[in-house]
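J.: Sequence:
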Amino acid sequence: MDQIGEQLRQARTAKGLSLGQVEEATKIRVRYLEALEHGDYDVLPGRVYTVGFLRSYARYLDLDAESLVNRYRKETEARYSQQRHDTLTAGAGIPSRERSQTGRILVVLLLIGILLSGAFLVYRMFAPDQQPPPPGLPSAPSSKEQPRDVTPEKTYPVQVTGPTEQAVLPTEVEIALLVESDKCWIEVEVDGRQDFTGTLYAKDERTYSAEKSIKLILGNTGVVRVIFNGNDLGYLGKPGEVVHVEFTPEGFNTIKVLPRKTER
Numbered sequence: 007m008d009q010i011g012e013q014l015r016q017a018r019t020a021k022g023l024s025l026g027q028v029e030e031a032t033k034i035r036v037r038y039l040e041a042l043e044h045g046d047y048d049v050l051p052g053r054v055y056t057v058g059f060l061r062s063y064a065r066y067l068d069l070d071a072e073s074l075v076n077r078y079r080k081e082t083e084a085r086y087s088q089q090r091h092d093t094l095t096a097g098a099g100i101p102s103r104e105r106s107q108t109g110r111i112l113v114v115l116l117l118i119g120i121l122l123s124g125a126f127l128v129y130r131m132f133a134p135d136q137q138p139p140p141p142g143l144p145s146a147p148s149s150k151e152q153p154r155d156v157t158p159e160k161t162y163p164v165q166v167t168g169p170t171e172q173a174v175l176p177t178e179v180e181i182a183l184l185v186e187s188d189k190c191w192i193e194v195e196v197d198g199r200q201d202f203t204g205t206l207y208a209k210d211e212r213t214y215s216a217e218k219s220i221k222l223i224l225g226n227t228g229v230v231r232v233i234f235n236g237n238d239l240g241y242l243g244k245p246g247e248v249v250h251v252e253f254t255p256e257g258f259n260t261i262k263v264l265p266r267k268t269e270r
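Residues in the sequence shown are numbered from 7 upward in steps of one, following this note's numbering.
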């Protein structure tokens, strides 16, 4: 059993709590609690949710939540590194096939190079404007004749746009949404730009990142679990309630809560 999970299980049993009681208190489903205790992280929706659930569960059991979260992150990083190493090692087990494929590729590239060189020589031999200079005159430098054969349109450089540089910038606001039942209409604004508007259904998951702020509108707040920067906030309201909330690096602020409509 996973060491983190064993620590969670021992703390729970020491308090005489069942998984059902923990679910009722934390609003984390039993199957997710079991996954945490067994280290079966693939059952959980994703890494963001795992961190949030782990932190909430540890705090509920009066454990050092941050220590467990840090251990989880180190263990998962080590696991991913080992998986990458195993993949590379497995690939090294079939060198003959790779060598044959590489050889075929080199042969094809060599043939293409020969064909291109031959085509270029034929073009130079039969081009109508390629005439030798009159006798007695020095040959003009080749650099002066090249502009007549090369057009500017073929020499444009590749432009590197801003998004490729911004992609490596760290984000300071991250939220994860998990619709646990029913459905919910949501609207998401990321750093002042509308990112998504629509309806999410049970089991749907969404993750959003921003540098400055994320504004969120939930049309059925009580069915959507919210995780903010690794902290499991649970539900921000009751089923049927409409909530407007803004997340920033400093925290989050509920802007407006509208009570659910009563049906007549």
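Keep in mind the hints are simulated off the structure, nothing from the lab.
Treat the numbers as computed from the prediction; the structure is a model and nothing was measured.
A portion of the hints provided could be inaccurate.
[Said to hold, decoys possible] Label-pair restraints from in silico Cβ distances:
1. Asp188 - Val114: 34 to 42 Å
2. Gln9 - Leu117: 51 to 59 Å
3. Val263 - Glu211: 44 to 52 Å
4. Leu117 - Glu178: 35 to 43 Å
[To be verified] Below, a list of computed lysine-lysine pairs in the DSS-like style, where the Cα atoms sit at most 25 Å apart:
5. Lys189 - Lys244
6. Lys244 - Lys262
7. Lys189 - Lys33
8. Lys218 - Lys262
9. Lys218 - Lys189
10. Lys244 - Lys33
11. Lys21 - Lys33
12. Lys221 - Lys262
13. Lys209 - Lys189
14. Lys209 - Lys221
Note that CB positions come from ideal geometry on N, CA and C, so glycine has one too.
J.: Does each hint fit the structure? Answer for all of them.
T.: Evaluation of the provided hints:
For the pair Asp188 and Val114, the supplied restraint of 34 to 42 Å is violated, since their beta-carbon distance comes to about 57 Å. At roughly 58 Å, the beta-carbon separation of Gln9 and Leu117 lies within the given 51 to 59 Å, and the hint holds. Restraint check, Val263 to Glu211: a C-beta distance of roughly 24 Å breaks the suggested window 44 to 52 Å. Distance hint check: the CB atoms of Leu117 and Glu178 are about 53 Å apart, inconsistent with the given range 35 to 43 Å.
Simply put, Lys189 and Lys244 have alpha-carbon atoms about 13 Å apart, close enough for the 25 Å limit, and the pair holds. Between Lys244 and Lys262 the CA atoms are separated by roughly 13 Å; this keeps the pair inside 25 Å, and the hint holds. In summary, the hint linking Lys189 to Lys33 is supported, as the alpha carbons are separated by about 17 Å, within the 25 Å threshold. About 20 Å separates the Cα atoms of Lys218 and Lys262, which keeps this hinted pair within 25 Å; it holds.
Taking the CA atoms of Lys218 and Lys189, the gap is about 28 Å. The hint is violated against a cut of 25 Å. Between Lys244 and Lys33, the direct Cα distance comes to roughly 13 Å. Compliance with the 25 Å bound is thereby established for this hinted pair. For the suggested pair Lys21 and Lys33, the alpha carbons sit about 18 Å apart, so the restraint of at most 25 Å is met. Distance check on the hinted pair: Lys221 and Lys262 sit about 12 Å apart at the alpha-carbon level, within 25 Å; holds.
Proximity of Lys209 to Lys189 is assessed by CA-CA distance (about 9 Å); at most 25 Å being required, the pair is judged to hold. Between Lys209 and Lys221, the direct Cα distance comes to roughly 22 Å. Compliance with the 25 Å bound is thereby established for this hinted pair.
In this structure, the earlier hints numbered 1, 3, 4 and 9 are contradicted, and the remaining ones agree with it.
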